[in-house]
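A.B. asks: The lines below spell out each chain.
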Amino acid sequence: MEKFVYIALFAPFVSSIFAALFGMSPKKTFVGVIASLLLATSFLASALLAMFVYQTGGTIHVTMMDWIGAGDLSIPFGFVVDQISVTMMTVVTLVSTVVHIYSIGYMDHDKSFNRFFSYLSAFVFSMMVLVMSDNFAGLFIGWEGVGVCSWLLIGFWYHKEDVSPEENPSISPSWAANEAFIVNRIADLAMLVGIFVLYWNTGSLQYDVVFANLPYLNQTVLTTAAIALFIGAMGKSAQFPLHTWLTDAMEGPTPVSALIHAATMVTAGVFLVIRANPLYSMPEVGEVSYFIAALGTFVAFFAASMALVNRDLKRIIAYSTLSQLGYMFAAAGLGAYWIALFHLAAHAFFKALLFLGAGNVMHAMDDELDIFKMGGLKKSMRWTYIYMGVASLALAGIPPLAGFFSKDAIIETAFNEGTIVLWAILVVTAGMTAFYSFRQVFLTFEGDERYKEFGIHPHEMYKYVLVAMSPLALLAVIAGFFQGGFQTFITSGDVMPNYAMSEHTHHLVWILGSIVLAFAVGGVLLARYKYASGLKREMKCENSFIYQLLKNQYYVPQFYAEFISKPYAMISEKMWKTVDMKIIDITVDGIAKFIYSSGDDTRKMQTGNLSNYLNWMSFGLVALLIVAAISSVIG
Amino acid sequence: MIELNDYLILSGLLFTIGLVGVLRRKNLLMLFFATEVMLNAANIAFAATSHYYNDLSGQMFAFFIIAVAASEVAVGLGLLIVLYKRHGTLDLDNLASMKG
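Top to bottom, those sequences are chains V and C.
Count the first sequence with this note's numbering and you get residues 1 to 635, in order.
Count the second sequence with this note's numbering and you get residues 1 to 100, in order.
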């Protein structure tokens, strides 16, 4: 089985290197094909590993080599395949394979086709390192690798000009890429602190050693580590207040958005919390866990509210990811780790499908993203309509699709834990989710054909791309039925605690489910009533304070620009002009000037006259003798 | 009785004379002479201390120096003759061709 571990891990790496060989040459379709094949190999290996773990219940632990050994510190380059990592591996490689195939069609006309595949595969490889590592150091390497690849991919069209914020709130791809990178660095600092704290107190970075030592640590250490690691997770999973980069990351090519949102990036934060569940389950850090749940619930609502009014096709989906990540954190914070992981997997399928569908629409609409300029696309894009409809149904939590089961389980958990406030917010958010996802679907595909006045002739995506998307659609439909099986599987090892509803909740499960369902169906129907027949703009509503507040994303980006970026730029300018130019530069320049002028002055000694030289020589000799004499006297 | 100190003072005086010669004279030939004086000052010091300590290695070293000085003069004088033939002078002020 070991070789499957290496195949699953290194196939994306080989793919990346292979594509990189052609990085500078013009488009070659076979690069995309081979990259996709290698990714499919990786998926197959992951699936086989999943079968193995499922059937035997055992875990595979391989140590490739000793990586860092210094004094007491010993970090092997080791990988572990257990119930958690094998689930992540399967989900990541499946979504990535589909995205790779999709990209062959989507990036068809891009002149950096080969480079794109190189980055894309590197992204997947980093994520595989992240999920498979058996220690925090390897996790961190993958974590940073994911950060770098996201920077490369979000800024893939770095040559695009900056435009005014009114036209495009995130200005340009390179700006968005930098924002994503910098925000993640801030969070990573906290994560490093968390890792150091754990190492300092347990003497190891291996998961099993660290977790085995947790009961011997005091409360301060545990709380610090839990908070610091969660801040890292907040950055990667774009939780408030570090969430702004996620919607701006929509500047990247759409397959990248699908990858970031479904498989390779934002799920890493949730994965970290799930992986570190022994830490977060400690009774000493109960408050941190509750904070995670509360923050998750808040973000779920916060993001969903912004999605209600947004006009940008991809940003709406991005907000919904943010919102669903909130749900996952809510579940993880309440101790239902397997439910969080289940929602993560189910969400990956329908979110990737949604993004790829959005990519089809963009492709058809000449990169137009404003849903107010679309409408009636169902005639020309029937399959995309079906895919996006299915994905939105799943997202909205309509049975029997995947989202219903996973989201319902989270909401039930909130009820079961007695956190009624969280439960109520999550239920309302479920209704909002249904509303905004169908607002987007109806505005895009139903109603009057508003795109005509812009002279756009939409056309359906290539056949093979649509076929490649079908596994995701299938999984978005049926993934929910595996809930019971998934629970037994994931909790069969000792890496994941079980979580079951209490007897009391069990009795109420039908009522709770119907309440959620009522909200979801209500949301869909409201969206249908308002938008299915065409776009009627109500200016009074649109000019209201709340609408403007939501449209401007609660003014958070503006707040950051005014109170963080601008003061920082001002301080930087000051520091440049005073400290850098007047102190550091002058010191450095002074040294150089001194050496120059001393050289210039002493050059006069070189007269060419031997007599003078001899004079200088004896002068130097005498000087040295004097120095020697003085130093011997002083001792 | 002539003490070791007297020899060393003589040696020091000779060395100073040689040094002043090296510093002050402008003729290359004179510089050579001055160098010889300095070398022989060292020889006197070597021989004297050797005798004082009843250790022959100092006198051995003096012989070495004499040999080295002789070969140096042989080579040096040859070079001086070439230099004189080429420039018609041995005055250092007129030989400053390596000015930086």
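For the record, the hints were derived by calculation from the structure and aren't laboratory data.
Keep in mind it's a predicted model, so treat the numbers as computed, not measured.
Note that beta-carbon positions come from the ideal geometry of N, C-alpha and C, so glycine has one too.
A couple of the hints might just be wrong.
Subject to a maximum C-alpha distance of 35 Å in a straight line, what follows is the list of computed DSBU-like cross-link-like pairs (lysine-lysine) [claimed, not checked]:
(1) C/26 - V/604
(2) V/452 - V/373
(3) V/111 - C/26
Sample of chain V residues at the chain C side, in silico, Cβ under 8 Å [to be verified]:
(4) 543
(5) 544
(6) 546
(7) 548
(8) 550
(9) 552
(10) 558
(11) 608
A.B. asks: Each hint should be assessed against the structure and marked as holding or not.
C.D. replies: Evaluation of the provided hints:
Taking the CA atoms of residue 26 of chain C and residue 604 of chain V, the gap is near 20 Å; set against the 35 Å cutoff, the hint holds. Taken as a hint, the residue 452 of chain V and residue 373 of chain V pair is honoured in the structure, with Cα atoms around 9 Å apart against an allowance of 35 Å. Taken as a hint, the residue 111 of chain V and residue 26 of chain C pair is broken in the structure, with Cα atoms around 79 Å apart against an allowance of 35 Å. Interface hint at residue 543 of chain V: violated, since its Cβ lies 82 Å from the closest Cβ of chain C, which is beyond the 8 Å cut-off.
The criterion of a C-beta within 8 Å of any C-beta in chain C is not met by residue 544 of chain V, whose closest approach is roughly 84 Å, and the hint is violated. Given hint, residue 546 of chain V at the interface with chain C, is violated; its Cβ is 82 Å from that chain's nearest Cβ, farther than 8 Å. Using the Cβ-Cβ criterion of 8 Å, the hint placing residue 548 of chain V at the interface with chain C is not satisfied: the shortest such distance is roughly 77 Å. Nearest Cβ of chain C to the Cβ of residue 550 of chain V: about 77 Å, over the 8 Å cut. The hint is violated.
Given the 8 Å rule on beta carbons, the hint for residue 552 of chain V is violated: about 71 Å separates it from the nearest Cβ of chain C. The criterion of a C-beta within 8 Å of any C-beta in chain C is not met by residue 558 of chain V, whose closest approach is roughly 65 Å, and the hint is violated. At a threshold of 8 Å, the smallest CB-CB gap from residue 608 of chain V to chain C is about 3 Å, leaving the interface hint in force.
Against the hints set out earlier in the document, violations occur for numbers 3, 4, 5, 6, 7, 8, 9, 10.
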